[in-house]
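J.: Please put together the full structure from these sequences, using the hints given.
Here is what each chain is made of, one letter per residue.
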Amino acid sequence: MTAEIQPARRGVFRREDVAALAVFLLLAAIPLATSGYVVYILPQYMLLGVLAMSLALLWGHGGIVSFGQAAFFAIGAYAMGLVMKHLTGMAINSAYVGILVGTVGGGVTALLIGYFLFSAGVRAAYFVVATLALSIVVEQTVKSFSDITGGWNGLYVDRMTVTLGSWLELSLFDDAPIYYVVLAVVVPVYVIATALMRGRFGKIVVGIRENEDRMTALGFNVPMYKTLVFGLSGLLAGVAGSFYATHAQFAHPVNAGVLFSTQVVIWVAIGGRHSLLGSFVGAIVVASLSNYLSSIEEIQNYWPLVMGLIFIAVIVLFRGGLAGLVEKLAGKGAHGRAAGH
Amino acid sequence: MEILVSVLADTVLITLVLAFAAFGLAIIYGLTGVINMGHGAMLTLGAYFTWWLLDQGVPFVPTVLLSALAVGLVGLAFEHLLIRHFYGRPFDTLLLTWAFFLVTTEVIKIVFGTDFRNVADPIGGDPVNLGIYQVPTYKTVVALLALAVVAGTALVFFKTTLGVRVRAMTQNREMAGLLGLNVAAMYKLVFGFGAAMAGLAGGVIAPMFAVQPYMGDMFLVRSFFVVTIGGIGQLLAGTLFGSFAIGGLETVLALFSDQVIAQIAVFFIAVIVLRFRPQGVFSGR
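Quick note, the sequences are listed as chains C and X, same order.
Each position in the first sequence, counted from 1, maps to that position plus 248 in the working numbering.
Each position in the second sequence, counted from 1, maps to that position plus 13 in the working numbering.
Because the hints were derived from the structure by calculation, they are not lab data.
None of the values given here were measured: they were computed from a predicted structure.
It cannot be assumed that every hint is accurate.
A partial selection of chain X residues facing chain C, derived with a Cβ cut-off under 7 Å [said to hold, decoys possible]:
#1 L108
#2 E119
#3 I123
#4 F237
#5 V273
#6 F280
The calculated label-pair distances, taken between Cβ atoms and stated as ranges, are [said to hold, decoys possible]:
#7 X:A133 / C:E545: 32 to 42 Å
#8 X:G165 / C:R371: 23 to 33 Å
#9 C:S414 / X:I274: 40 to 50 Å
#10 X:R102 / C:I396: 36 to 46 Å
#11 X:P75 / C:N469: 54 to 64 Å
#12 X:F129 / C:Y288: 31 to 41 Å
#13 X:V20 / C:A465: 46 to 56 Å
Pulled a few chain C residues facing chain X out of the computed Cβ check, cut under 8 Å [stated by the list, open to error]:
#14 V313
#15 V376
#16 L380
#17 Q388
#18 N549
#19 P552
#20 L553
#21 I563
Glycine included, every Cβ here is placed at the ideal spot set by N, Cα and C.
T.: Right, dumping it as structure tokens:
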């Protein structure tokens, strides 16, 4: 999967770009072809896809596994809910403030934690444990401060309204408008994240994954780059969380917890940790499948078990996940090299 | 005075119970380098085996021993099928042991159900009243057992040929292999023993907690902090010191605030300690 690391030939779209275009066109077409539950639920899965991307750029590119992505997602979600609830009667649209606070909140929290841990050269295993603890801390916090967060019942969040000065006011209460607003957020997030990871920044991060000592010797500030990529990851998780809250109309401790955090790890492993698009699609596919199969009574108890077994199969047999498999089938496997992470 | 005595005694008891719960993790992590994210699930499995065997009418002591044996065998099978191919690749073993947690938890839910199960206190009776402190009988027995297990393992580790072999394997795997040590078998033995210890701890603590599919989760993270704060590979002193730091802190903080906030604070402090002493407080290296 070193394909992403190689410089793009100018003027030539890569296969992944074509695939991304196809995926987003398909997503854009779905509400035209159908309506009802699919159109209602898909934006939530797209946002889970953004959450998966937030881990993929950290894990696939940076070689850093976080078991705490749910914490940043929850920070985004609760920030959105609390700002929309309490910031009323202002000239500015409170939903915009909520998104800003949620996004910046996720990013800054990750930056602070990243700086704190990486600047001391904390090793990978400790980092996993620390992020695991972060998830538990955030989950326990939102559970126990129930006067503010609603505790176990979660926090009700309004559907936002898109406003632009005085000449546009679009309620997102119906399924189709919010679908397209979410899509209009997801696409630029993907494009910017992809561009960043293909650019100088991404190459340095991949370099650190491949050989940290060499990058240090070459004069790169390794802890700073690790901190930045973790911050970026928290930022993406924060965006996803704040839009998720207004779409699902709640923020809930479940979305802060360890189990949810590890769901993200599974989506990314199955989708392909080295591919942002693969992780995005992986999250949508796995979340849809989970939702569908959990509704069938005969198999609902066995589905999580099957997921666990698929997860093992991916780690042992298909390290590139679905994206790696597709790439191999497309004949690009010869370039691929297991990254060792 | 009474408060002081009871806080001290509680701290000692909690420290030892926590050391028991963390011991299996300390062994596997410290000696094979595998970050066993499945440790919590192994505890839970031990607790469920104990509940089930007691339900079948087996007396408590053989029940707990059988539970430890069963979890040890599960650990051996897991090591043989998957883990042994991934030594030296910590990230993959981390993910695989996490998958072990997911699969085991689901199997537990399917086989035993999701209801909370209660295991009766096998000693029963009221706490022994010493005037200034009510001694909780069963907890005290568990604490003494924890001491015995840790001390016994240390004895094997430092005083027997087997211990020398395990230490040789940990210090230099290749050299130990070249000198004729069956490294693969040693790893298997250590992994199985660590799993059995987790199962034993799960069975022994079952009467003190509600047995449910996620009971091991909280112990997983706390055990990690115990092991990392104590220092990886510092089986005896490290585990006890780490447990004292985590358990004692929790007890003292719980005096001034509620349980949840105490736990959050402990996690914060643990992360801060790891930041400044990533090699563990007790590790000289």
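J.: Where does the structure disagree with the numbered hints, that is, which hint numbers, in rising order?
T.: none
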